[in-house]
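K.L.:
Single-letter residue listing:
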Amino acid sequence: MTITLNHYLLLAGMLFCIGLYGALAKQNAISILMGIELMLNACVINLVAFNRFMAPNHLVGHAFGLFVIALAAAEVAVGLALVLTVYRDLLSVNIQDFDWLKW
Amino acid sequence: MIHFAVQNSWLIPLMPAIAFAIIVFFLRRTPQASAFFSISCISVSFLLSLGVVAGVLMDPAAVESSVTWFSMPGLTVEMGTLIDPISGMMVFVVSLIALLVQIYSVGYMENDPGYSIYFAYQSLFAMSMLGLVIANNFVQMFVFWELVGLCSYLLIGFWFYKISAREAAKKAFVTNRVGDYGFLLGILFLQIIFGTLNFTDLAQIIPTYANVGLLTVIALLVFTGPIGKSGQFPLHVWLPDAMEGPTPVSALIHAATMVVAGVYLIARAFFLFAAVPTALQVIAYVGGFTALFAATIAITQNDIKRILAYSTLSQLGYMVMALGVGGLTASMFHLMTHAFFKALLFLGAGSVIHALQGKQDIWEMGGLARKMPITTKTFIIGSLALAGIFPLAGFWSKDEILLAAQSNGFTGLYLIGSLVAFLTAFYMFRLVFVAFYGQAKPNNDPHESPAVMTTPLIILGLLSVVGGLVGMPWLSTNFGSYVYFGEAHHGYSLMIMVTSTVIALMGIYLAYLMYYKKTISASAIANRFKAIYTLLYNKYYIDEIYQWGINHIVDGAGRVAYWIDLHVVDGVVNGLAKGTRQSGTILRYLQTGQTQHYGMVLVAAVVVIILLLGLLDPSLGISAWGGGN
Amino acid sequence: MDFTLLVPEMFVAALACLLLILNLVAPRGERRGLVIFAVLGILAAIAVVAFNFDMFDGFLGRMYLVDAYASFFKILFLIAALLVCLTTMNYYKPLAGEGGEAYTIMLFATLGMMILVSAGELITLYVGLELMTISFYILTANLAGEDARSSEAGLKYLILGAISSAVMLYGFTLLYGVTGTTMIHEIAQFKEASPAFWLGVIFALSGFGFKIAAVPFHMWAPDIYEGAPTPVTIFLAVASKAAGFGVFVRFFLTAFPQHADHWIPVIAIMAAATMILGNLAAIPQQNIKRMLAYSSIAQAGYLLVGLVAASEAGVKSILFYAMIYVFATVGAFAVTIAFNNVSESDDIADYSGLARRSPLLAVTLLVCMLSMAGIPPLAGFAGKFYLFSAVIEQGFLWLAIIGLVMSMLSVYYYLSVVRVMYLGEVTDYSAIKLKGSMKLVLYVCMVLSIILGAYPGPLAELANIAARFMF
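Protein sequence lines correspond, in order, to chains U, P and G.
Residue numbering for the first sequence follows our numbering, beginning at 2 and increasing consecutively.
Residue numbering for the second sequence follows our numbering, beginning at 72 and increasing consecutively.
Residue numbering for the third sequence follows our numbering, beginning at 2 and increasing consecutively.
There could be a bad hint or two in this list.
What the hints assert, rightly or not - Result set (DSS-like, lysine-lysine): computed pairs, CA atoms no more than 25 Å apart in a straight line:
# : chain 1 : residue 1 : chain 2 : residue 2
1 : G       : Lys192    : U       : Lys103
2 : U       : Lys103    : P       : Lys649
3 : G       : Lys192    : G       : Lys434
As the list claims (entries may be wrong) - What follows is a list of derived Cβ distance ranges for each label pair:
# : chain 1 : residue 1 : chain 2 : residue 2 : range
4 : G       : Gly458    : P       : Leu606    : 54 to 60 Å
5 : P       : Ala675    : G       : Leu405    : 27 to 33 Å
6 : G       : Pro266    : U       : Ala56     : 31 to 37 Å
7 : G       : Pro360    : P       : Arg630    : 35 to 41 Å
8 : U       : Arg89     : G       : Pro378    : 38 to 44 Å
9 : G       : Asp55     : P       : Phe75     : 28 to 34 Å
The set of hints was computed from the structure by calculation and includes no laboratory data.
Ideal placement from N, C-alpha and C gives every residue a C-beta, glycine not left out.
With the rest of the complex left out, here is chain U:
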């Protein structure tokens, strides 16, 4: 069996959905950040796969993927810093506790 584009896309799609589920269903803020990382990684898989199968001569997709990895790292760094601050303030990392701002 050869591995085709569809396999990669399916993998990426599943990864994305798992990440999304994690981001929306987990209560721990750190887990949510991990879910978001999964979503971004799914995007990277998509990019690389598309590049490999659709336009192997240009490396735009790979470059895009590298940018995404870098930005994801930046995002998660800020995210962890925020989680720390919030923990300092509220002694909790449970996202459901953070509902002071509403209505």
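Knowing the structure of chain U, use the given hints to seat chains P and G on it.
P.N.:
Only chains P and G this time, still in chain U's reference frame:
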């Protein structure tokens, strides 16, 4: 210099605008500086307007320039200037009278607590009026038209601690609104039908427009503006009451400049009226009726300013009538000469009132001729000019109007005009003989006014003497060679000149007999025709009729509307408001504060949009996506 | 490669770095000097952009577009940054750090926006977007602040923002996969739309919708606007939203014009929903920041109306409205900063009698709110007039009617604040003292909100020039 003035005529209204702003923001506490600054600015405007007049005389072709104020698809509104002989003449007259009145006010308003703000208003008025006359389109004209109305309101009510002044200001404002409403409707119609409000463009388009019926309606709507502003019957009621304002204000706004804005508007938009003969006839008869109507009231009034006010109404009727019979030249000419001598008369009356500490009843005056020589002489010059005695200013312009009426086949109006000329001469000299030559009253101590007040009188006196010579029909190039509509025409009729002079002299002689010689008893005549006298003295009870109408019809309708508003409209509105508030509250509580709820809404929204697109348009194949690929 | 095209961006980046260094050497807690430095730098940047306003050029082909459309938005961001910097002089609480770190981050956010509106390609677009958004996470959370609400807002914004940008990125990858290019104008040449393509379009739409806080992607906005430090709220409401619109309009009009018949109805529904929900939900609010947050959601709805028109007039009206919206919003929020300084409160009820305590604050809030409500002759009226007439021209009368009705409705909640300010019982007669910088901001916002309404010509003309580059 001349070229500069013509090209930059927008500076003319700008100068007093600057004066207004500076006085309001910086000079409120320094009255003398305010007066000085205001007069300096209007002087510059006057010099520029002289340049404009010179430019127009050298080259009568219209000079137009404009900037876009705002534009959108289907509507472009511009601010601009249109300099041609008509507006050139108006700019000259307005800035000249405004300058003289401001100088005069230095003396008249002395020691008034509102000195600074008075000059601020004067400057604001000058700005608005000058902006009005150089307007090149209807919108700009309407904006300034409303602004002069505002200034009029502010200045009538200047002594707002007097109830009568407040009431008069309110009356002027409300009455004018009635006319302005029609005017605005007319403007909107023009915009809708022709897509432009520029005078020059409209003058090209309108003569080719076929639907005369609609055009007549528009012309009559536009004419309601002048009916209000220029005090034509039946919206004339505000002008006599407007005399509650300071007398220089009456001279400037309610005699020489603002009230003629209506006449000017008709002249400016004459291309519209010329295209619909029916509207012109209406204008002619409204004008003629107002002229006669106001003159008959004037002969019975006792308040010096009210006599002049009714005289103004009557003369405005004259001008409107002249336009109606097609005599644009005559009307504009009379507008100019009238501005000179009526401003003179009002300022003279102001001088008298000033000398008598505010007394305005002519029967409480008397014997002023000896004590106030300059005022008396100039006042008599003004009266003679108004009566139309050769060779003073009014003679030439009045003859032009009568000639226009007679030669265009309006014999009835010609006769009315002659009758008005008789009445005019009579009531003016009734005023002169009673106030200036009557028996001196012991408790009066009149004295001549200071030079700052008499100088404008002398200048206006001179203009009232020579101002009409520019329109002498024997000159090869005269007033009519510049200011005309269609074809310029020269002509005169010795018959009219002679008869009108004789009629005026008869009026003066009758006044002489009744009020100087007392060979004919005025009170006997009044008793004899008691009913007519009472009717005239009470101004045909027009005010009372309006009051009755307001009390019964308007208030009644108001009560009905109030009931409907209270029980029907409010019910619906309150219901709607309640519903809105409640839906707002519901929406508010959707915001739970739970981050993951928000995230789910976001994802759900994406799904909904996908479904929406897929359902709306199956050809996109989105619904098949789940299965294939 | 003509690097001179990037001068404004390089300038802003250099300014940000310089401020970072200055912050290290400046005395602890000293903000004033840094603000002045930042303000002068931003003014210079505005001059640089304005100088090359009417040009059309691309850096690296059409990867990075420098045209009047981008320049218009860049000027807008810089003006917003300038006004926000001035308001921070009156914000006495720590902001993103003890000293002036906030200015550095703010300038990086500005840089991200500038990149965003110039992006002609997906990678650049994504990088600009993330630069802007990550800067805003930091600003919103206000790490040095005492206020736990800011931390909460920051974390919420980060999670939701990250999810939304991940979704958008997934959309971008699909678009890249289907069309084989990341250049926006090349996507337009791709005529056949497959399901994957449409999925990409919708995911991208959701990402932009999130940035501009359009219903149904608006849920984050009220909480974050309320929780963030007020200067950050201003910057978020004004500049971030404008940047979102800048890229949204450019992306959709450049990449998908041939599919306009399909996506315009969706945006029309979004616009209607945004106007309705924003205005209705603003009514019951008691916190002025939250009320203004909902009102700013509603404003996004009006702006979307211009995109529905998808014509030159529509884009022009978006540009015009975005600019006047800057002044109205900054003015209104600046008043809340000044008021919060003396009362420590954002409750509308506490504004009672403000007109007596500080006429300037009251009149600025009045003018700015009425401008947002679109009362003539204020700027908002002219803006809404352009928007609605543009959309009516394209046959969306119903949308214009909804917009008008909702504008009338908005007068209700704006005026209820005005009523409290002017007619409310005066409990505290002490006058509110304002600093010069605050007065400057208030005057600028108020006067421009009036002038741009009375004489919209020049700004409309600039917007016209900029809009022409979209077609």
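K.L.:
Determine for every hint whether it applies to the structure shown.
P.N.:
Outcome of the hint check:
no., hint, verdict
1, G:Lys192 / U:Lys103, "violated (44 Å)"
2, U:Lys103 / P:Lys649, "holds (23 Å)"
3, G:Lys192 / G:Lys434, "violated (62 Å)"
4, G:Gly458 / P:Leu606: 54 to 60 Å, "holds (56 Å)"
5, P:Ala675 / G:Leu405: 27 to 33 Å, "holds (30 Å)"
6, G:Pro266 / U:Ala56: 31 to 37 Å, "holds (33 Å)"
7, G:Pro360 / P:Arg630: 35 to 41 Å, "holds (39 Å)"
8, U:Arg89 / G:Pro378: 38 to 44 Å, "violated (51 Å)"
9, G:Asp55 / P:Phe75: 28 to 34 Å, "holds (33 Å)"
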